[in-house]
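If you read the sequences in order, they're chains E and D. In this text, residue positions in the first sequence follow the working numbering: the first is 1, and each later residue adds one. In this text, residue positions in the second sequence follow the working numbering: the first is 1, and each later residue adds one.
Accuracy of the hints is not assured; some may be wrong.
Ranges between beta-carbon positions, derived for each pair [said to hold, decoys possible]:
no. : chain 1 : residue 1 : chain 2 : residue 2 : range
1   : D       : GLU199    : E       : ASN259    : 27 to 35 angstroms
2   : D       : PRO280    : E       : ASP284    : 22 to 30 angstroms
3   : D       : GLN10     : E       : ALA178    : 55 to 63 angstroms
4   : E       : GLU34     : D       : GLU184    : 44 to 52 angstroms
5   : E       : GLN291    : D       : ALA49     : 52 to 60 angstroms
6   : E       : GLU260    : D       : GLU184    : 33 to 41 angstroms
7   : E       : THR15     : D       : GLY197    : 46 to 54 angstroms
Reference excerpt, derived from the structure (chain E facing chain D, CB under 8 angstroms, subset only) [as the list claims (entries may be wrong)]:
no. : residue
8   : GLY125
9   : PRO127
10  : LEU201
11  : GLU208
12  : PHE268
13  : ALA277
14  : GLY337
15  : GLY338
16  : MET341
17  : THR342
18  : MET356
19  : ASP365
The hints are simulated quantities; they were obtained by calculation from the structure and are not laboratory data. Beta carbons: idealized from backbone N, C-alpha and C, even for Gly.
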Amino acid sequence: MNFDLTEERQMLQDTLRRYLRDKYDTETRNTIIESDDGISAEIWAELAELGVIGALFTEEQGGFGGAGFDIAVVFEELGRAGVVEPFLDTAVLGGRLIAATGTDAQKEVVEQVITGGAHLALAHGEPVSRYDLTHVETTLTAEGDDIVLNGRKAVVVNAEAAGHLIVSARESGAVHEAEGISLVLVPADAAGLTMRGYPMLAGGRAAEVTLDDVRLPASARLGAAGQGWGPLSDTLALAHVALAAETLGAMDSATALTNEYLGTRQQFGRPIGTFQALQHRMADMLIELEQARSAVINAAGYLQSDTRTRDLNIAGARNLIARVGRLVAEESIQLHGGIAMTQEYELAHIAKRIVMTDHRFGDADYHLERFIELSAA
Amino acid sequence: MDLSYSPEEQAFRAEVRAFLEASLTPEMADKVRQGHDTLTKEDIEHWHATLNARGWLAQNWPKEFGGAAWNAVQRHIFEEEAARANAPRIVPFGLSMLAPVLMKFGSKEQQDHYLPRILDGTDWWCQGYSEPGAGSDLASLKTKAVRDGDHYIVNGQKTWTTLGQHANWIFCLVRTDPDAKQQEGISFLLIDMDAPGIEVRPIILLDGTHEVNEVWFTDVKVPVENLVGEENKGWTYAKYLLTHERTNIAGVGFSQAGLDSVKRIAKAERANGKPLIQNPHFAARIAQVEIDLMALSTSNLRIVSKAAAGEAPGIEASMLKVKGTVIRQEINDLARRAVGPYALPFPSESVDGDNNPIGPDYAGPLAAQYFNYRKLSIFGGSNEVQRNIIAKTMMGGAGR
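If we strip away everything but chain E, and leave its shape as in the complex, we get (with noise of 0.2 angstroms):
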């Protein structure tokens, strides 16, 4: 056994965590969300630089890490910091499924997300399937050379930045069926597609997305013909660690916040922080902190293991996070006051992130009945 970082996790770590620290504060990541573009290509361009994405991928990918435990400690600083960046979309989601799927003309778009030069975002969920994530109704249609999408996705974050989307689609079956999803590689100028974009409540923008007649040619499916869902569900394994360990770094930013103001605030001529009712709620929050670090573990850990291994501990990462989470977020809002409810202060960007981090694929509920279900097997 041995919970350490290797050498060069340690310094990933150090170096993301210092940078950010310097770099992205509370004013300039608010700048940054109230943009038009919800995104710093400064910043982009400098983290990507500092090997933070080719982090995120194996060295066959053309990076130099992409483990669990890569993705982890990554995800971990991001999240300390609050970063509004889509590294999950562009990388993470985008990315892994190009290299996992690609054809060799079509892994050029993942040099380009790993020097910092493309985005992507992976058009999935639709209207109605809520986290119902073989749930699709959108449909392509091979229509001699050519394949003819239609169909509305929902959410689909980073749509607007992405050169690229990774559009899942059915080309047979029922619309529950894992069997017969198909991914395609559209560019976002494609004819027929049309987006309605918007900012989110935590940060970052997303978009509708509506396909009407997008005809490409079948070149430009990613992986064989109804058999995206092996694929989209290990990249969506390596994306619940990814916003397991985004959710631990904001805990334990929010619990430092906490402990701090506890420490420093003074009411009734003493600090806050010497009232014993506090004192062990602030506790409860730091058990429940170190639980949380651990389900990281198990998470990171397990992502190569046999899918059942692999997906109960990520099931059980998520609920427990989502939890957790939410105690965080609102004891830590609760113990500081007023103050942590304002949007200059650095916890109220923390709190929304780890709370909306529970509305990607899959809240606490639906991580439960997914653990019920995958014990049951």
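For chain E, the structure is supplied; the task is to place chain D on it using the hints.
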């Protein structure tokens, strides 16, 4: 024991319901549904005027001052019906906070001047209590007023001033005797917001809304006749005011309306091919909060009946505040869960120029409201302060 309303009370409820159906426009109700921050100053003034025309604006005022003189049960019935109909909430600062203080401690001149102006909407009052260093420990406030001839000169800063951006008057707690013990050197002052030296700065909350402000005072001249009651007795008046702030503290009507809304949403949302409300985990969450709310509703009525019989609520109000806010916050948590990925968009962008929503039309404000309503357990005496009051009162020496 009899849990039913009397025939008179039932008739009153029917009257309130008919009034709301006739007077509340669908547009206004829709704005309230979309979140109170969508209401403009004019919307609120219009609703106040509508209620005033019916004689129902100043519900707790005696008839001699133009009030409705409702008892606690009648007020409870109105709150319940108003929440059910999505009527705007009555802004309480002038009507149910300042007015009772003026009636009890103000001069005849102050009563004659200010009370009619509260009723007809001439004045919009805000509350100058909290300061950056005086939150839960309100008595440590530092804003000072120094007597100079016929005036006080006021310097300092108030914060969390709700809807201060709309107000033309503010009632303030100020320190008039810096040498007295904390609670004994405080006075209650009425200040014209147009006076030179006052600056209102917005505080933007985490959901992007502007409902609270900082109010800064730099050498503001306030005529001595704007002092309420006696100098250095302000803390007594403030405590009296706080007991009035605590009417309807349980918010049962609003929670019931919120719960009904969550159920409607959970029927419309689908999870794994079935209505979300049939999902056992979500159904259990709804049931749990509904069970709590049923009990709270009866707790509230027990206290409301006592109040209607003239008994002043003590620690019961603190208990209702803690439980009521926790339940309300749980309901808002369910609402954001219910809409799944459509909780992610920023609410002000949730409709486009043609009023088309991004996702389902109910989804827009829910996640933002979840965050906004974290304030409920913080303001009006935080839940920690309420627990202190309960423990001190109930535990005697051991709770000190």
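Does the structure break any of the earlier hints, and which numbers would those be? As far as the earlier hints go, not one is violated by this structure.
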